[in-house]
Amino acid sequence: MAGKLFDTRVGTYTIIVTHPDFPLYRTSSTFHGGDGNIVTVNLPQLYGGAAKVEFQVALSPPSNKLMLELSFNGRKKTLTKFPAFGLEQLAGEWNLAVRVAPVDRASSESFRVDSCVAYPYGDGPRAVLRGDRGTMKLQGNPGETVTTCPLVIYWSEKK
1 MAGKLFDTRV
11 GTYTIIVTHP
21 DFPLYRTSST
31 FHGGDGNIVT
41 VNLPQLYGGA
51 AKVEFQVALS
61 PPSNKLMLEL
71 SFNGRKKTLT
81 KFPAFGLEQL
91 AGEWNLAVRV
101 APVDRASSES
111 FRVDSCVAYP
121 YGDGPRAVLR
131 GDRGTMKLQG
141 NPGETVTTCP
151 LVIYWSEKK
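Quick note on numbering: the sequence shown equals residues 1 to 159 in the working numbering.
Note that these hints are calculated values from the structure, not bench results. Glycine residues also receive a C-beta, built at the ideal position from the N, C-alpha and C atoms. Be aware that a few hints might be false.
[Claimed, not checked] With beta-carbon atoms standing in for the labels, derived distance ranges: (1) Pro83 with Ser29: 39 to 47 Å; (2) Ser156 with Thr40: 18 to 26 Å; (3) Pro44 with Leu87: 19 to 27 Å.
Construct the complete structure from the given sequences, taking the supplied hints into account.
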């Protein structure tokens, strides 16, 4: 949203910037009266040296008759072969939405997603998302530019 202007009142605000190419950016700023209340955020500069997380995506229970839609900050990626490799995101906090549906049926039909769990190799903490949407914090291993991380989507036929 380059050049986006918002009317504000005097006070402290939490600002969250959401962009499909970058993790969520959170900051707080105190606004005073007058026209000098400008917040500038340069996401490419902020995340230029950020570590990446490369996923190995699997379904549990496994199935190759399903389609998986993953949405990171609104950008959808569709997978139909599992395990899937090569899905890469910057380390950080993301709005994640997940949809599991049969490949050969109407696109409006989908199955229940119970949880999504990222299991980073090494000592990294697991990231857990209960249900099919929410925020997930992806962490890279210290000293690594790319961390490989299995992402398991647990689903059931209950709708």
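Each hint tested on the structure:
1. Between Pro83 and Ser29, the C-beta spacing of about 43 Å keeps the proposed range 39 to 47 Å intact.
2. For the pair Ser156 and Thr40, the beta carbons lie near 46 Å from each other, so the given range of 18 to 26 Å is not met.
3. About 21 Å separates the C-beta atoms of Pro44 and Leu87, a value consistent with the hinted range of 19 to 27 Å.
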